[in-house]
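Please build the complete structure, drawing on both the sequences and the hints.
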Amino acid sequence: MNTMKIAPIRRLPVAPRRSARFLRAQFRDRAVSKSALLVAILPLSALLATPVHADIDNYGLLTGINSNPGQAVEFSTLTNTTIGSVITVGSLPRNAVFSPDGRYAYVVNNGGSVSVLDVSAHTVVGTIGVGTDSSGIAISPDGKFVYVTNYSSNSVSVISSATNQVVSSISASRPYGIAVSADGGTLYVTNLQGASVTVIDAASGTALTSVSVGISPVAVVVSRDGSRIYVSNEGNGGSLSVVDTASRTVVATINGPAGMPPCLPTAVAFM
337 MNTMKIAPIR
347 RLPVAPRRSA
357 RFLRAQFRDR
367 AVSKSALLVA
377 ILPLSALLAT
387 PVHADIDNYG
397 LLTGINSNPG
407 QAVEFSTLTN
417 TTIGSVITVG
427 SLPRNAVFSP
437 DGRYAYVVNN
447 GGSVSVLDVS
457 AHTVVGTIGV
467 GTDSSGIAIS
477 PDGKFVYVTN
487 YSSNSVSVIS
497 SATNQVVSSI
507 SASRPYGIAV
517 SADGGTLYVT
527 NLQGASVTVI
537 DAASGTALTS
547 VSVGISPVAV
557 VVSRDGSRIY
567 VSNEGNGGSL
577 SVVDTASRTV
587 VATINGPAGM
597 PPCLPTAVAF
607 M
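Residue numbers (my numbering): 337 to 607.
Hints in this document: simulated from the structure, not taken from any laboratory.
The beta carbon of each residue, even a glycine, is placed where N, CA and C say it ideally should be.
Among the clues, some could well be false.
If you anchor each label on the Cβ, the simulated ranges turn out as follows [unchecked claim]: (1) Val587 <-> Asp519: 35 to 43 angstroms; (2) Ser412 <-> Gly571: 33 to 41 angstroms; (3) Val578 <-> Gly541: 39 to 47 angstroms; (4) Pro477 <-> Asn591: 26 to 34 angstroms; (5) Val578 <-> Asp454: 31 to 39 angstroms; (6) Val461 <-> Ala588: 40 to 48 angstroms; (7) Gly541 <-> Val587: 36 to 44 angstroms; (8) Gln529 <-> Ala588: 20 to 28 angstroms; (9) Leu414 <-> Ala543: 39 to 47 angstroms; (10) Asn500 <-> Ser412: 42 to 50 angstroms; (11) Lys480 <-> Gly562: 15 to 23 angstroms; (12) Leu544 <-> Pro405: 35 to 43 angstroms; (13) Thr415 <-> Ser583: 41 to 49 angstroms.
Taking lysine to aspartate or glutamate and the DMTMM-like style, the derived pairs with C-alpha atoms no more than 25 angstroms apart in a straight line are [what the hints assert, rightly or not]: (14) Lys480 <-> Asp519; (15) Lys480 <-> Asp437; (16) Lys480 <-> Asp469; (17) Lys480 <-> Asp561; (18) Lys480 <-> Asp454; (19) Lys480 <-> Asp537.
Structural data, given as structure tokens:
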């Protein structure tokens, strides 16, 4: 069974922030089982200005990656204890995101669905059908759209958070990880079999360009200032590609230390 190290989470000053301040990384060794836990942390956001939802300002979510039916449980980052009972979601949950206001969590299930959780009620309030082998998930900064990658369907499902329905589908080649720019205008999608990241205009769904990165890119995140994206690659022992978003070129490649056993970096995040 895998183990996963989660960096300490700090309680921040009262001033609202637009994004979470935490560090998370997951590595999966080739020799061990794929069974693991996925962690999503609710940003310490502007909920302080919305008293009715202030109680969920310090929530996190754990999902069992290989559970079927899927299982999720909320926890408090203040007390480091679970909240409520186990929540049943779709089969084989993979990733999760919170809405910007913290009211909802969206869990993407590899079985081809997205479970919508009411965070305060600790319950599933909606199930949205997407494509096949769905894995990556991201939400627009304004919370209006949720994006889901469907590996075997070669598509990205675009979900309206207002209706919890798929409103469009974007063509992609073996998409796996996904991230959204800070202004919500650009999507970055990793192509697991293509050793590349596709840059997509979010409004039109049009592919703008493709950036070559390492072999088997899985996860992608955008820097706080939007100037860089960071892509974790599983191939050749694992690496991290640093891409300049203005020139859309790789400006650095970070490899593991010499002598480090081969590993598969499956996620990346930063302060």
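Structure-based check of each hint:
no. : hint                                  : verdict
1   : Val587 <-> Asp519: 35 to 43 angstroms : violated, 21 angstroms
2   : Ser412 <-> Gly571: 33 to 41 angstroms : holds, 38 angstroms
3   : Val578 <-> Gly541: 39 to 47 angstroms : violated, 26 angstroms
4   : Pro477 <-> Asn591: 26 to 34 angstroms : holds, 32 angstroms
5   : Val578 <-> Asp454: 31 to 39 angstroms : holds, 38 angstroms
6   : Val461 <-> Ala588: 40 to 48 angstroms : holds, 42 angstroms
7   : Gly541 <-> Val587: 36 to 44 angstroms : violated, 27 angstroms
8   : Gln529 <-> Ala588: 20 to 28 angstroms : holds, 24 angstroms
9   : Leu414 <-> Ala543: 39 to 47 angstroms : holds, 43 angstroms
10  : Asn500 <-> Ser412: 42 to 50 angstroms : violated, 26 angstroms
11  : Lys480 <-> Gly562: 15 to 23 angstroms : holds, 19 angstroms
12  : Leu544 <-> Pro405: 35 to 43 angstroms : holds, 39 angstroms
13  : Thr415 <-> Ser583: 41 to 49 angstroms : holds, 45 angstroms
14  : Lys480 <-> Asp519                     : holds, 13 angstroms
15  : Lys480 <-> Asp437                     : holds, 11 angstroms
16  : Lys480 <-> Asp469                     : holds, 24 angstroms
17  : Lys480 <-> Asp561                     : holds, 21 angstroms
18  : Lys480 <-> Asp454                     : holds, 16 angstroms
19  : Lys480 <-> Asp537                     : holds, 16 angstroms
When the structure is compared with the earlier hints, violations turn up for hints 1, 3, 7 and 10 and for no others.
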